[in-house]
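**Student:** Now for the letters of each chain:
Number of protein chains: 4
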Amino acid sequence: MYICEEDIQKELDKRKPNNSRYSTNRSEEDRVVILSGVFEGKTTGTPISLMVKNKDHISKDYDNIKDVYRPSHADFTYDIKYGFRDYRGGGRASGRETIGRVCAGAIAKKILKSLGIEILAYTSSVGNIKLKNVDLSYIDKNPLKIPCEEATKQSIMLLDSLIKENNSIGGTAYCEITGLKPGIGEPVFEKLDAMLSKAIMSIGATKGVEFGLGFLSSQKNATDYNDNFYMENDEILKTTNNSGGILGGISDGSKITMNIAFKPTPSISVPQDTINNNLENTNITIKGRHDPFIVPRAIPIIECMVAITLLDYILINMTKKIDCVKYAYFNF
Amino acid sequence: MYICEEDIQKELDKRKPNNSRYSTNRSEEDRVVILSGVFEGKTTGTPISLMVKNKDHISKDYDNIKDVYRPSHADFTYDIKYGFRDYRGGGRASGRETIGRVCAGAIAKKILKSLGIEILAYTSSVGNIKLKNVDLSYIDKNPLKIPCEEATKQSIMLLDSLIKENNSIGGTAYCEITGLKPGIGEPVFEKLDAMLSKAIMSIGATKGVEFGLGFLSSQKNATDYNDNFYMENDEILKTTNNSGGILGGISDGSKITMNIAFKPTPSISVPQDTINNNLENTNITIKGRHDPFIVPRAIPIIECMVAITLLDYILINMTKKIDCVKYAYFNF
Amino acid sequence: MYICEEDIQKELDKRKPNNSRYSTNRSEEDRVVILSGVFEGKTTGTPISLMVKNKDHISKDYDNIKDVYRPSHADFTYDIKYGFRDYRGGGRASGRETIGRVCAGAIAKKILKSLGIEILAYTSSVGNIKLKNVDLSYIDKNPLKIPCEEATKQSIMLLDSLIKENNSIGGTAYCEITGLKPGIGEPVFEKLDAMLSKAIMSIGATKGVEFGLGFLSSQKNATDYNDNFYMENDEILKTTNNSGGILGGISDGSKITMNIAFKPTPSISVPQDTINNNLENTNITIKGRHDPFIVPRAIPIIECMVAITLLDYILINMTKKIDCVKYAYFNF
Amino acid sequence: MYICEEDIQKELDKRKPNNSRYSTNRSEEDRVVILSGVFEGKTTGTPISLMVKNKDHISKDYDNIKDVYRPSHADFTYDIKYGFRDYRGGGRASGRETIGRVCAGAIAKKILKSLGIEILAYTSSVGNIKLKNVDLSYIDKNPLKIPCEEATKQSIMLLDSLIKENNSIGGTAYCEITGLKPGIGEPVFEKLDAMLSKAIMSIGATKGVEFGLGFLSSQKNATDYNDNFYMENDEILKTTNNSGGILGGISDGSKITMNIAFKPTPSISVPQDTINNNLENTNITIKGRHDPFIVPRAIPIIECMVAITLLDYILINMTKKIDCVKYAYFNF
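Residue numbers (the working numbering), protein chains in the order written: chain F, 24 to 355; chain E, 24 to 355; chain Z, 24 to 355; chain A, 24 to 355.
Treat the hints with caution; some may be incorrect.
To be verified - List time: in silico PhoX-like cross-link candidates among lysine-lysine, alpha-carbon distance up to 20 Å:
#	chain 1	residue 1	chain 2	residue 2
1	E	Lys343	A	Lys349
2	E	Lys136	A	Lys136
3	F	Lys349	Z	Lys65
4	A	Lys136	E	Lys343
5	E	Lys344	A	Lys176
6	E	Lys344	A	Lys76
7	E	Lys343	A	Lys65
8	A	Lys65	E	Lys204
These aren't lab readings, by the way, just hints derived from the structure by calculation.
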């Protein structure tokens, strides 16, 4: 297939801090270079290796956190696991690691698009502020990736006050997959929703994931919850989509819908009690400016992790029928 | 290690319908037999193969669902994926497949127990009925596995009325891991919470999973949410456990806590609109008696899936330090 | 696809001792039963679980080898690895474990046959006795699976004398794959010949594997060795097939050819010096009758291991081109 | 563990053409740079990413092979598999890909050395020229890595005449593992010799691999072949090592010994008949100077592939006994 750096760069650019007050002001240029796997614009089958150089990273920025475990960060758990830690920027617990997810996701998204499949994520709440309506065209018109002008205005006021307090807040994201055929996913341990959950929950700061009605399902009767199938103009449809597009771990042809919970950014510039790596009580005030709200920066990561997972399943699904195996063997 | 059929049978017995009104009355004997891997009571390193014969299964029970797709079941998605389906009992989408999970989980739990690690799950809500208090000793005193007498009584009244209406209801489960050392889990894609999410979400009827404060985290400020470390009597402690015992995908030594959402059992004995495998509109009334509330039967499955996942991570963790590799090579 | 017990049984029957003087006289009935994965004669996508009961196994047969390590057997290595061993019949080091290989191989062979691919193996030498000519029709006319009447007669005389001496002898097998398209295999670490080597060398008693000219290649100049391509009647052909049908780990459309070396059966009924599990010097005379020549019994195992490996690669190959991915997604 | 670029560079340097007449004269500098995974000289647990830039590669060198399939090269098989090929330098079928194997192997070798395990490979024949004696100190004193002065002299004369004819020749390598404890390896499909075979056969130009007596085993009686155990000074010893140090797929504490066959370098500067990618008959004379004998350059690759495989098995072996799992959990 055809792939170029620009295909990947445009996804990486979505991930960058958007020069607003509401995200870190590190100047992350994040230019991707293709090192292998593409020749004359086409993939050769060789693994595609990509490089994004870290230009902004200056070691001294991190000196005050060298020996102290920041609360609700992974400093302590990495140190106790490995007995040793690269304290500069959080290592693999840093948001920097998501660059790789976005690069892979950009390629997956391009293939999915050619199959008619789209993935869309947006910020669905900031603290207690919920969406009043959903206007998808508004997502890219505001730095918070909220599809609602009113909720955005309220959120901006809230974040302005949190910035003054050096505090941060959690929120939720919504993600949907449209255009996916029924029949994609695997039974038992590798259910599509199980693997999407793994993919989503591997993103830093996530604390929960749900499909369709999600936790609200627990309050429903079957007579209200069950999605009824019906035929209309030779199309298989459902009266409702409470299940969120997956039945028994396999896509049913409806939209796949997810909600994801994010905790507040743990890095805040107020003094916090904690311990150091000599196991002594101490406190820390984390320097620098940090995102008061992490969800907008997680939006492209969610889309990319979903894309990667989905593409894997579409490839796995190729072997589901012996007729497809035969056709592929004789024709490709 | 020593393992016998009784070690596994006692977990399987927890999975059986408990002869109450609130679960299916199929007489599932479910006796496990060890076929390989154990000699003179000890494991030999050979894969342990176990057999549980399905005695109750009678094909004619399923004749009325042969051609019709039950709403919110996996009949349709299996059929469209594979082009063919064993309609007797739901195949791999049936709750019968959880027997394997419990057998493996029983062995995992035995090993974890020898490491001082315990896993406990219980029903934490039935529809809108929440726990009033938590009395762990009450879990096994009621058929619903609820740790609260008052909530149990309310739930029984609710379920009695649902049975009359041939309806069912959703609920939630809570699960906690106690006694786990800090440092267990892996970075980036294989975070402990990511893999536990996958394990939990692979159980039928689950619609969401969250850790620690979970979705509530999204409404918190960092100053309220962050868990502060402190030392007391040479022990590393945290003032709170909002993160649910995992930081950066690695256990922090606190309890690991999860909530899980379950949809209502989709099998209900009222007429429902749907389609058949000729893609025609039709309706179905599912015969037989079904669980009006699935959570109690999922409780042992949750514990077992958590146990299997956790043990895998403990094995993976053995290679984290080169000193451990050396010690193991020279001494074992 | 359609699969029945007979499809598997006919391969299992090839594996049985052939009631000749030249193989063990254990009465191994080895009836296979399909336990899952097949419904109304067709596979459902569910893992196919098969059971072959071990009827002949009587524990007392093995009492004399309980504490003593038989020379050139795996008794010692299993015991030192696991600290414990099921001494009855060799456990996983026993030839009994090849039943599973044959069951899986039978299914793989059936699929490969539908793709026009055939796998053939035969005994190509017994000690120093080589083939004089190759008459494939003779393979099943003699208990040694040798495609040459003269070599068979010589071998039978040799084996008769070895039986009298309670001795055994090594030999070689030849295996070829015909009808395979070019383009099957993977680059670098997973080359087709690399994985076939692994598959073959995982069979007990194998000591070497080679492709095409094999070790003889090491004595050749490039001008003699290189296989030249040419076109004839729109077909891509090679003047020679010294490479044995694989170039750069990928099939080139010619026959894939392999030679495999087998050591003599280590179980012999003469006294041998060895040690026991108290690490004391001792000796052992292995009771019972054993195969004086193992290769004929390995022939079906070779075919099956090659079939399993090849089918895996044909499935993997389905994703080699994005056009095939698209076709499969939209049409199956 | 401590690791620095020099640890890796010294293995890479062994892989370079040795400025003799007997290897290609491309000036491959091959400097390795550690990009991630090491901090303050120690590994952090993060994947170690390494970069070796390809400085010598000039595209025009390869223009004459753009459309023509070189005999006994992978040009044809890559093209037919992927429908497209990076013709510059052979892509993943090029010897350049072995850099990654050596980098990983260097780290594996360092760890194995700390466990007392050494891996040694050398050239054991050049065409028909065999070793007269084995003098390990001579390996690094000659460009052919032959441990025998006489065989080296004969080989040099042979290679000189082959260079004049623009021809090349095959050969064999020998590899041994010393200092490995018994008990390393896995049963059935993942036998240590099976996986070593895969590792070795994944190296370009290999055509066969054998263990211990290898193909010669096929000519032996059990009474001559079987290795007898005996105790001496509390040590477990064997009278012979015909099995090559592996029994039932698991190391027995003796030297592990392998022989490997290599075909002649297929790139020769004489005209050869072949076809092009329009499937027309044509011929090719491959320009430039090429190794008349590839084995010396394969020697470090063999050592590295064996090291990687062995280290994997040592890590896998850590979980063989529950007591080791417990010790590791509580102490590391």
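**Student:** Within a Cα-Cα threshold of 20 Å, do Lys136 of chain E and Lys136 of chain A meet the stated pairing?
**Tutor:** Violated. Lys136 of chain E to Lys136 of chain A sits at ~37 Å, over the 20 Å cutoff.
**Student:** Within a Cα-Cα threshold of 20 Å, do Lys344 of chain E and Lys176 of chain A meet the stated pairing?
**Tutor:** violated, 48 Å
**Student:** Do the alpha carbons of Lys349 of chain F and Lys65 of chain Z lie within 20 Å of each other, as the hint requires?
**Tutor:** Status holds; Cα separation ~17 Å.
**Student:** Could you grab the alpha-carbon distance between Lys65 of chain A and Lys204 of chain E and see if it respects the 20 Å cut-off?
**Tutor:** Roughly 24 Å separates the two Cα atoms, so the pair is violated.
**Student:** Is Lys343 of chain E within 20 Å of Lys349 of chain A, Cα to Cα?
**Tutor:** Holds, because 15 Å separates the two Cα atoms, which is no more than 20 Å.
**Student:** Do the alpha carbons of Lys343 of chain E and Lys65 of chain A lie within 20 Å of each other, as the hint requires?
**Tutor:** holds, 13 Å
**Student:** Keeping to a limit of 20 Å between CA atoms, is the pair of Lys344 of chain E and Lys76 of chain A held or broken?
**Tutor:** Judged against 20 Å, a Cα distance of about 31 Å means the pair is violated.
**Student:** Straight-line Cα separation of Lys136 of chain A and Lys343 of chain E no greater than 20 Å?
**Tutor:** Given pair Lys136 of chain A, Lys343 of chain E holds - Cα atoms ~19 Å apart, limit 20 Å.
Hint compliance for this structure: hints 2, 5, 6 and 8 are broken, all remaining hints hold.
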